[in-house]
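> Sequence:
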Amino acid sequence: MDAIFSRQFESREAAKAACSAVAKQEGFALAIRNKKPPGSDNPTYLLLRCSKGGAYRDQRNETVHESKRRNNTHSLKSECPFQINIKLKHEGPWAVAPSRSSGPHNHPFTPAATHSKYLAELIAAHRDQIIHFYNCGLRPFLIASHLRGLSQDDPDLAGISSQHIRNALALYRAEELAGRTPIEFLYGQLKDSSLGFFFRDTRDQEGRLTGLFIAPRSGIELWRRFWSILLLDCTYKTNRFKMPLLNVCGSTSERKTFSVASIFLSGEAEPQYRWALQCLLELAAEEGIPMPRVIVTDRELALMNALISFPELRLVIHLLCRWHVNKNVLAQSKKHFPKATRDERNRVIRAPEFTAFLKEWHALINAPDEASYDQQLQAFMLKRGSSRGRKRSSYIALIVIVTLGTRRPLL
Numbered sequence: 001m002d003a004i005f006s007r008q009f010e011s012r013e014a015a016k017a018a019c020s021a022v023a024k025q026e027g028f029a030l031a032i033r034n035k036k037p038p039g040s041d042n043p044t045y046l047l048l049r050c051s052k053g054g055a056y057r058d059q060r061n062e063t064v065h066e067s068k069r070r071n072n073t074h075s076l077k078s079e080c081p082f083q084i085n086i087k088l089k090h091e092g093p094w095a096v097a098p099s100r101s102s103g104p105h106n107h108p109f110t111p112a113a114t115h116s117k118y119l120a121e122l123i124a125a126h127r128d129q130i131i132h133f134y135n136c137g138l139r140p141f142l143i144a145s146h147l148r149g150l151s152q153d154d155p156d157l158a159g160i161s162s163q164h165i166r167n168a169l170a171l172y173r174a175e176e177l178a179g180r181t182p183i184e185f186l187y188g189q190l191k192d193s194s195l196g197f198f199f200r201d202t203r204d205q206e207g208r209l210t211g212l213f214i215a216p217r218s219g220i221e222l223w224r225r226f227w228s229i230l231l232l233d234c235t236y237k238t239n240r241f242k243m244p245l246l247n248v249c250g251s252t253s254e255r256k257t258f259s260v261a262s263i264f265l266s267g268e269a270e271p272q273y274r275w276a277l278q279c280l281l282e283l284a285a286e287e288g289i290p291m292p293r294v295i296v297t298d299r300e301l302a303l304m305n306a307l308i309s310f311p312e313l314r315l316v317i318h319l320l321c322r323w324h325v326n327k328n329v330l331a332q333s334k335k336h337f338p339k340a341t342r343d344e345r346n347r348v349i350r351a352p353e354f355t356a357f358l359k360e361w362h363a364l365i366n367a368p369d370e371a372s373y374d375q376q377l378q379a380f381m382l383k384r385g386s387s388r389g390r391k392r393s394s395y396i397a398l399i400v401i402v403t404l405g406t407r408r409p410l411l
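My numbering numbers the first residue of the sequence shown as 1 and each following residue consecutively.
Don't read these hints as lab results, they were simulated from the structure.
Any given hint could be a false lead.
[Said to hold, decoys possible] BS3-like, lysine-lysine: derived pairs with alpha carbons at most 27 Å apart:
#: 1; residue 1: LYS87; residue 2: LYS16
#: 2; residue 1: LYS36; residue 2: LYS87
#: 3; residue 1: LYS35; residue 2: LYS117
#: 4; residue 1: LYS16; residue 2: LYS89
#: 5; residue 1: LYS339; residue 2: LYS327
#: 6; residue 1: LYS36; residue 2: LYS16
#: 7; residue 1: LYS52; residue 2: LYS24
#: 8; residue 1: LYS327; residue 2: LYS359
#: 9; residue 1: LYS339; residue 2: LYS242
#: 10; residue 1: LYS16; residue 2: LYS117
#: 11; residue 1: LYS52; residue 2: LYS16
#: 12; residue 1: LYS24; residue 2: LYS89
#: 13; residue 1: LYS117; residue 2: LYS52
#: 14; residue 1: LYS191; residue 2: LYS242
#: 15; residue 1: LYS24; residue 2: LYS36
#: 16; residue 1: LYS117; residue 2: LYS87
#: 17; residue 1: LYS77; residue 2: LYS52
[As the list claims (entries may be wrong)] Cβ-Cβ distance ranges computed for the label pairs, FRET-style:
#: 18; residue 1: ARG240; residue 2: ARG203; range: 18 to 24 Å
#: 19; residue 1: LYS256; residue 2: VAL316; range: 18 to 24 Å
#: 20; residue 1: GLY137; residue 2: SER75; range: 34 to 40 Å
#: 21; residue 1: GLN378; residue 2: ILE131; range: 57 to 63 Å
#: 22; residue 1: LEU150; residue 2: ALA302; range: 47 to 53 Å
#: 23; residue 1: ILE131; residue 2: LYS256; range: 48 to 54 Å
#: 24; residue 1: GLY267; residue 2: ASP369; range: 36 to 42 Å
#: 25; residue 1: LEU138; residue 2: GLU370; range: 42 to 48 Å
#: 26; residue 1: ASP369; residue 2: GLU270; range: 30 to 36 Å
#: 27; residue 1: ALA55; residue 2: GLN8; range: 33 to 39 Å
#: 28; residue 1: LEU330; residue 2: SER372; range: 18 to 24 Å
#: 29; residue 1: VAL348; residue 2: ASN167; range: 38 to 44 Å
The structure presented is a predicted model; accordingly, all values stated were derived computationally and were not measured.
Positions of the beta carbon are idealized from the N, C-alpha and C atoms, including for glycine.
Please build the complete structure, drawing on both the sequences and the hints.
Here you go:
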């Protein structure tokens, strides 16, 4: 720091920047300890000290129950005595000088990436990029991995961890909320006409939210172009309120799916599904989108009953999702066959009997038309029903076939 003591600076910020640059190069960081006048936005005197200066202050409260008490923590403070002054001279320029109470550092110097101040500056410099990646769906550890990959251009990026990214995102979310609750922020976004959301909600007698239908403008425009197929799937455990989430998706001509609407429900009964479908019909009517030709669902009986309760949807072909059917058949039938083994390369090898069963099953559900389906069904039941050793598995397969509820090919 000796070289900087002989220099003069035109502004306070220039002096601070020069001191920080030298400190970063030498391996320590500076923090403001005091300024004069106190609390002024335009001080004429700054006292900077090493970031490791001062003593550790224990934040634990012994009166709090041990189950809620803070864990033992450690501090980077080492009571380092190093201090410098930045002050405005009477002649006009700013000068830097060591403080009268200053002393040499009592700790080893470390790279800039180990100091929270420089890490915060580094994160702030890449803040927009981090937020962009997060909004694109990347998880924090992937964002951190990407930034570490840029360490050839900036070696300090090698110290970025996923926790640093999570902290930056938490700060970003707090800034966006601006003191509002998450639900207040959500409604602020939904009611912003420039964003173009279509939404509906329903509440109970106490005003609590029991259903929320959200359709983004991007999904609506894609649905307008590709309206012939809709896929409805209800997922669970998607939020801390344990509200089921009904996803409504469309399919492009290239078989790529897109989200039309996301619907939070209070339950999985038929009334909730009818409300969700009513909102979907209102959206289609408001946007002038034709009724779909095909609707694909899993075997959710409440949803299936809700579909046929609307006259507008009675002529729409309803198919069951082949992926869900295959998943259920695989889970229910594999326990009635010999267990799978592993070869020398640790690959799973199914029993030949189970492989033959699945091959016949896939031939059945992949039938191109009803005539082929009936023919494959008769052959399947004739073969499986005549084998005593496969009685239980053929019974399961029969139950699945009966519960499909359709003779049309599956999607």
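> Now look at each hint and say whether the structure bears it out.
Cross-check of the supplied hints:
1. LYS87 <-> LYS16: holds (11 Å)
2. LYS36 <-> LYS87: holds (9 Å)
3. LYS35 <-> LYS117: holds (19 Å)
4. LYS16 <-> LYS89: holds (15 Å)
5. LYS339 <-> LYS327: holds (17 Å)
6. LYS36 <-> LYS16: Holds. LYS36 to LYS16 sits at ~15 Å (cutoff 27 Å).
7. LYS52 <-> LYS24: holds (14 Å)
8. LYS327 <-> LYS359: holds (14 Å)
9. LYS339 <-> LYS242: violated (36 Å)
10. LYS16 <-> LYS117: holds (14 Å)
11. LYS52 <-> LYS16: holds (18 Å)
12. LYS24 <-> LYS89: Roughly 26 Å separates the two Cα atoms, so the pair holds.
13. LYS117 <-> LYS52: holds (11 Å)
14. LYS191 <-> LYS242: The given pair, whose Cα atoms are some 25 Å apart, holds under the 27 Å limit.
15. LYS24 <-> LYS36: holds (25 Å)
16. LYS117 <-> LYS87: Holds, at roughly 23 Å.
17. LYS77 <-> LYS52: holds (4 Å)
18. ARG240 <-> ARG203: 18 to 24 Å: holds (19 Å)
19. LYS256 <-> VAL316: 18 to 24 Å: Cβ of LYS256 to Cβ of VAL316: about 22 Å, so the range 18 to 24 Å holds.
20. GLY137 <-> SER75: 34 to 40 Å: holds (37 Å)
21. GLN378 <-> ILE131: 57 to 63 Å: Hint holds: Cβ distance 59 Å, inside 57 to 63 Å.
22. LEU150 <-> ALA302: 47 to 53 Å: Because 50 Å falls inside the window, the suggested range holds.
23. ILE131 <-> LYS256: 48 to 54 Å: violated (26 Å)
24. GLY267 <-> ASP369: 36 to 42 Å: holds (38 Å)
25. LEU138 <-> GLU370: 42 to 48 Å: holds (45 Å)
26. ASP369 <-> GLU270: 30 to 36 Å: Taking Cβ atoms as reference, ASP369 and GLU270 lie about 32 Å apart, which means the hint holds.
27. ALA55 <-> GLN8: 33 to 39 Å: Cβ of ALA55 to Cβ of GLN8: about 34 Å, so the range 33 to 39 Å holds.
28. LEU330 <-> SER372: 18 to 24 Å: holds (23 Å)
29. VAL348 <-> ASN167: 38 to 44 Å: Holds: the Cβ-Cβ distance is about 41 Å, inside 38 to 44 Å.
Hint violations for this structure: numbers 9, 23, all remaining hints satisfied.
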